[in-house]
Each structure stands twice: as C-alpha cells, then as structure tokens.
Amino acid sequence: MRAPARAHTDILNPSSGDKIGEITSGGFCPSANKPFAMGYVVRAASFKEFIRHLMFVAAMFQLLSLLKGRLLIFLFEAKRLLRR
Amino acid sequence: MSAMILSRYPSYLQGKGAKTALQDLAPGIDVARMNFMTSTTGTVAGIANCRVTRCGYTGEDGFEISVDPKHAVALAEALMKFNFVKPAGLGARDSLRLEAGLCLYGNDLDETINPVEANLTWTIGGPKSRRRVEQGFLGASKFLEKDGKLKPVTKKRVGFGGTNPLVPYQIVDSYHLYFKV
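Quick mapping for you: the protein sequence lines, in order, are chains Z and G.
Residues 0 to 83, numbered by numbering that gives the first Met the number 0, are exactly what the first sequence covers, in order.
Residues 0 to 180, numbered by numbering that gives the first Met the number 0, are exactly what the second sequence covers, in order.
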C-alpha cells in the first residue's frame, strides 16, 4: 500500500486495534519514493521498540560548523535506513 | 513604548545552487562566511536593505531574503534569471519540510504540545546547556525539572516511513486501509 497517511489519521495498535496516536502530517516522500508521515503516539512501555525504530528522512543540510558531527551522522543514517 | 511593524516580503532561495546564485546577486555579502542560522542585511540584485538569513524550511541549505514588498517582483525576476533556479510552490515545500522532519505549526505543533513531546529539545541544547541550567524563559517550567532534566511525557512525535522492513508494525488508519511501515 503506497497511499500516504494524511493528517488526523488514527494510528492503531495492529494487534488490539486500540488507538495509540494520530498522524499530524503525511505525504509522499520523493527522495525515498515512499509514503511518509509524522504523528504522535502514546509513550507506553510496550511501544518502546516501536518508537525507537521510527526515523525521519534525513535533512540534506549542508551542515556548517554550527551543527555537530554526530547530528550529521544520525541524519544520514536515517536516510539510509529509509531507502532500504 | 511604540512598535513599528515593517512590512516585508520573503523569498526563499533553497538548494545546492542557492549560495552560487546569491553570491552572484549580492557581491557585497560574503556568502561563504555566513553560517547556518545567521543573518545579515545588504544589497541583493541592486535592491538595498535586504534581510538575508541562511536558513529555510526545506531541510536544504539556502537563504531567506526579505525585501520591501515593492521590490519583491524585481527580486524574484532577478533570481529566475539563473537557469538553475526554478520556482516551487507550497506543496513542494511541504514535502521537503516533512522529509526533513520539520514541524508545521497548527499540524504538528500547537499550544498543547511541549518541546519534549515534539522531540524538539535539541533546540535548547543538552542537559548542561545554559538554557537548561539557567532556564528562566517562558514555558521552561512546563517541561523542565528544576535540575534541568526533562519532565516525563505521555506522547512523542515520531516519523513513519512506508515499507521500512526494520519496523515490524503496520499503521492502520480510520478507514481500515493499511500499509506496512
């Protein structure tokens, strides 16, 4: 399914069907050729794994001296993960 | 006390060629020495008193150039003379800011969401940063403990990428459509 989840779409726990959050922005990601979205999910213990794995597509800033190297690494790592 | 509201028209020059185009139009500004999130004023395309800031809402390197509204068309025309500068509308910009994980106020942020929930605490630095130690800014007590630690929250802003094999969950929307994330 490539349809992007748009704002106000409910995020449900796939096993129980309970609402665990809501999409606030969503669309199609041209860089990764995939749908993508952001939203808020409840921060319950059972979702720790769920949250850790979700990343945004990298910002392609030409990062200048103001930003630290580790941020740069994180951003490019995120982009690589999403492109898999 | 009085305040004067200046009417300015912003143009957003974003992407890899932005610095080349701006340097050509604004020989008086040393573009190469402008760091991300710094700002200056100068003459751009012969228009005096332009406010130039190295920032943007696209996740790309670029500049925001504010001018008096009566010069806005002239500035846009000057920018469009470069064959590598193309016009882009709000929809395109929305895709770019989403890719970069940037929030849209009214969608992803509102007055009920604090910076911890929105994953925006990087804007005030780490646990030992001045802002977290001294605090004292409006709203600090809403999400910072006295010792600078972040207060616990019940929800978090996260990103969803379609068909990412690392995430073994589905997002199910309210119309029972679904896709793998």
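Quick caveat, the hints were computed from the structure, so don't treat them as lab data.
By construction, the Cβ of each residue, glycine as well, lies at the ideal position given by its N, Cα and C atoms.
Wrong hints could be hidden among the right ones.
[What the hints assert, rightly or not] The list that follows gives simulated cross-link-like pairs (lysine to aspartate or glutamate, EDC-like), each with its CA atoms no further than 20 Å apart:
id, chain 1, residue 1, chain 2, residue 2
1, G, 127, G, 93
2, G, 155, Z, 17
3, G, 15, G, 67
4, G, 85, G, 23
5, G, 145, G, 109
6, G, 155, Z, 9
7, G, 154, G, 109
8, G, 127, G, 109
9, G, 154, Z, 17
10, G, 154, Z, 21
11, G, 85, G, 59
12, G, 150, G, 109
13, G, 80, Z, 17
14, Z, 18, G, 116
15, G, 154, G, 110
16, G, 18, G, 59
17, G, 155, Z, 21
18, G, 148, G, 133
19, G, 80, G, 23
20, G, 148, G, 116
21, G, 154, G, 133
[As the list claims (entries may be wrong)] If you anchor each label on the Cβ, the simulated ranges turn out as follows:
id, chain 1, residue 1, chain 2, residue 2, range
22, Z, 32, G, 87, 15 to 23 Å
23, G, 23, Z, 17, 30 to 38 Å
24, Z, 5, G, 6, 32 to 40 Å
25, Z, 15, G, 137, 22 to 30 Å
26, G, 129, Z, 32, 39 to 47 Å
27, G, 16, Z, 18, 21 to 29 Å
28, Z, 15, G, 86, 41 to 49 Å
29, Z, 32, G, 121, 23 to 31 Å
30, Z, 32, G, 103, 51 to 59 Å
31, G, 16, Z, 17, 43 to 51 Å
32, Z, 18, G, 124, 33 to 41 Å
33, Z, 17, G, 128, 32 to 40 Å
34, Z, 18, G, 137, 29 to 37 Å
[As the list claims (entries may be wrong)] Here are some, though not all, of the chain G residues that point toward chain Z, as calculated from beta-carbon distances under 8 Å:
id, residue
35, 97
36, 100
37, 107
38, 154
(request) Let me know if the C-beta of residue 97 of chain G comes in closer than 8 Å to any C-beta of chain Z, holds or violated. (result) Cβ of residue 97 of chain G sits 6 Å from chain Z, so the hint holds.
(request) Determine whether the Cβ-Cβ distance between residue 15 of chain Z and residue 137 of chain G falls within the hinted range of 22 to 30 Å. (result) violated, 40 Å
(message) For the hint 51 to 59 Å, verify it against the beta carbon of residue 32 of chain Z and that of residue 103 of chain G.
(response) Once the Cβ atoms are compared, 22 Å apart, the range 51 to 59 Å for residue 103 of chain G and residue 32 of chain Z is violated.
(message) I want to verify a distance hint. Is the separation of the beta carbons of residue 32 of chain Z and residue 87 of chain G within 15 to 23 Å?
(response) Cβ of residue 32 of chain Z to Cβ of residue 87 of chain G: about 19 Å, so the range 15 to 23 Å holds.
(message) Tell me if the straight-line CA distance from residue 155 of chain G to residue 21 of chain Z falls inside 20 Å.
(response) This hinted pair holds, its Cα atoms lying about 11 Å apart.
(request) Assess, step by step, whether the Cα of residue 154 of chain G is no farther than 20 Å from the Cα of residue 21 of chain Z, and give holds or violated. (result) Status holds; Cα separation ~10 Å.
(request) Tell me if residue 154 of chain G is really an interface residue toward chain Z, meaning its C-beta lies closer than 8 Å to one of theirs. (result) Since chain Z brings a Cβ to about 5 Å from residue 154 of chain G, closer than 8 Å, the hint holds.
(message) Hint check: residue 127 of chain G vs residue 93 of chain G, CA-CA at most 20 Å. Holds or violated?
(response) violated, 34 Å
(message) Checking one constraint from the list: CA of residue 85 of chain G to CA of residue 59 of chain G, max 20 Å. Satisfied?
(response) Cα-Cα ~15 Å, so holds.
(message) Looking only at beta-carbon atoms, does the pair residue 16 of chain G, residue 18 of chain Z fall within the given range of 21 to 29 Å?
(response) violated, 45 Å
(request) Hint says 41 to 49 Å; check whether the CB-CB distance for residue 15 of chain Z and residue 86 of chain G agrees. (result) The hinted range 41 to 49 Å holds for residue 15 of chain Z and residue 86 of chain G, with Cβ atoms some 47 Å apart.
(request) Could you say whether the range 39 to 47 Å given as a hint is met by the Cβ separation of residue 129 of chain G and residue 32 of chain Z? (result) Holds, since residue 129 of chain G and residue 32 of chain Z (Cβ atoms, about 42 Å apart) stay within the stated range.
Going down the numbered hints, you'll see the structure goes against 1, 3, 5, 8, 13, 21, 23, 25, 27 and 30, while the others check out.
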